[in-house]
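Chains as they are written, first to last, in numbering that gives the first Met the number 0: chain A, 0 to 417; chain B, 0 to 88.
Worth flagging that the hints you see were computed from the coordinates, not collected in a lab.
Among the hints, a few may not be true.
[As the list claims (entries may be wrong)] Here are the in silico distance ranges between beta carbons for each label pair:
#1 Trp65/B - Thr334/A: 52 to 60 Å
#2 Ile59/B - Gln1/A: 55 to 63 Å
#3 Leu139/A - Val24/B: 36 to 44 Å
#4 Lys46/B - Thr334/A: 23 to 31 Å
#5 Phe161/A - Glu37/B: 46 to 54 Å
#6 Lys46/B - Gly402/A: 18 to 26 Å
#7 Tyr81/B - Lys267/A: 20 to 28 Å
Please read these numbers as outputs of a predicted model, since none were measured by experiment.
Quick reminder that beta carbons are idealized off the backbone N, C-alpha and C, glycines included.
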Amino acid sequence: MQKYSVFSLIKNAFSDHQNWEVAWKDPTPKKEYDVIIIGGGGHGLATAYYLAKEHNITNVAIIEKGWIGGGNVGRNTTIIRSNYMHDDNALFSEFGMDLWRKMSQDLNYNVMFSPRGIINLAHSDAQMNAYSRRGNSMRLNGIDAVLLNREEVQKRIPMADFSDNVRFPIFGGLMQPSAGTARHDAVAWGYARQADSMGVDIIQNCEVTGFDVNNGKIVGVRTSRGDIKAKKVGLCVAGSTNILAEMLNMTLPIETHLLQACVSEPVKPLLDHVVTFGAGHFYCSQSDKGEMVMGGDLDGYNSYSQRGNLPTLQHVLTEGIAMFPFLSKLKMLRTWGGIMDMSMDGSPIIDKTHIDGLYLNCGWCYGGFKATPASGWTFAHTIAQDRVHELNSGYSLNRFNTGDLIDEKGLGTKTWIS
Amino acid sequence: MLYIFCPHCGSRSQNEFAYGGDATVKRPELNKEISDQEWNNFVYLRKSPRGKHLELWHHISGCRQWIKVERDTSTHEIFKTYKAEELTE
């Protein structure tokens, strides 16, 4: 594989950039693979990459119904963080933070990781106490956390509404300075290019139509491009998990819901951090191009439509303007939606299933992007070794049965209000 | 914007309603011995189909009645709505 560097850039400039190698091939599916990963999103591509890199398993296919990176890895708001209170989430996410810091070098692909810090705003003494507790839990797990008072927040985001006449006055906030953003498409493309170079087949426009299970063991996958045999199969399909689960006669603790995001026209740099206004169901950051990247609530009812409805967008932007009044002057550039695999406790599932050789990776709610490297790494381990890694042992499918929930927000099973 | 036909009030915008989730989930019978698995099925497991979905909505800014709505989860088309007590076996 051609290495990307300033020298290769100069060299290719002499031939008008006509002779770059393709970043990944477009292979015809083979008859059989050791491992098939269903879903060519961030998690699927990362899983295939770590299968090859960490476990020397290269006879792998990624099967993608559309095109790689066309799902949630291309639809998120690119936030990377590990500001969790519960051990399972904190240790897993912080392991991921390490992978994020090394990713551009590791993949030889600039993912533009920008650790600009995330600030969760607080609006009461009680919320400050809760954030103090969360921050302390984070620090006990080795994650950086800083409790900011009102003046410290004002210094960092002076454009927020600090006047007296607001419904949710800013009392302070919890900041994770090492959190940030990354270029989401580059993450998908970087993983795809490296996985491909190590022998993984990336098969796009290939829809899974069924599974072949024999005596409780997976033997293959039926697709729109023919039947493919496999010793092991991993599901990484986020919002489409329930569709595949139905083909396997499985019912999961997952509901599929729609989440929207939007960006404004680009403006000069003014927001240095990622800011969440949880009380108003709104969060915001500024992209490198200058667009304000914004999101908020789920649309609020089961949906597979990948496009949003206006009442939610209106609500999100109303709250956004309440926190950042300057937003009212900006024009919206784009809005879009993605479908989320909302789990019943808000935490993911990376586990084996009752079918031998079938592995499940789902339930990311709307925190899937930041988990991409850690999810791929632990899922590859789970598939290769046929047992879960310590890092994902809490993310079991059976925890709903045993009561060992990881309810970070304590919201219960109303997935649509989380 | 969804327009939902409330069987008590007529067609109203979705802003008047709160969502209540899958209407086909059945609570295990009271005062009967049930297994953890049965409880798990009721509390956590959901079909979440792509296509027709029977769900509960609460007309919270209207008549405050719970209703059932048959809706397509990929097109958002609403086929039919029912009073809460309808469609119970």
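Hint-by-hint comparison with the structure:
1. Trp65/B - Thr334/A: 52 to 60 Å: violated, 31 Å
2. Ile59/B - Gln1/A: 55 to 63 Å: With Cβ atoms ~59 Å apart, the hint holds.
3. Leu139/A - Val24/B: 36 to 44 Å: holds, 38 Å
4. Lys46/B - Thr334/A: 23 to 31 Å: About 29 Å separates the Cβ atoms of Lys46/B and Thr334/A, which means 23 to 31 Å holds.
5. Phe161/A - Glu37/B: 46 to 54 Å: 53 Å Cβ-Cβ, so the 46 to 54 Å window holds.
6. Lys46/B - Gly402/A: 18 to 26 Å: With a Cβ separation near 22 Å, Lys46/B and Gly402/A satisfy 18 to 26 Å, so the hint holds.
7. Tyr81/B - Lys267/A: 20 to 28 Å: With Cβ atoms ~54 Å apart, the hint is violated.
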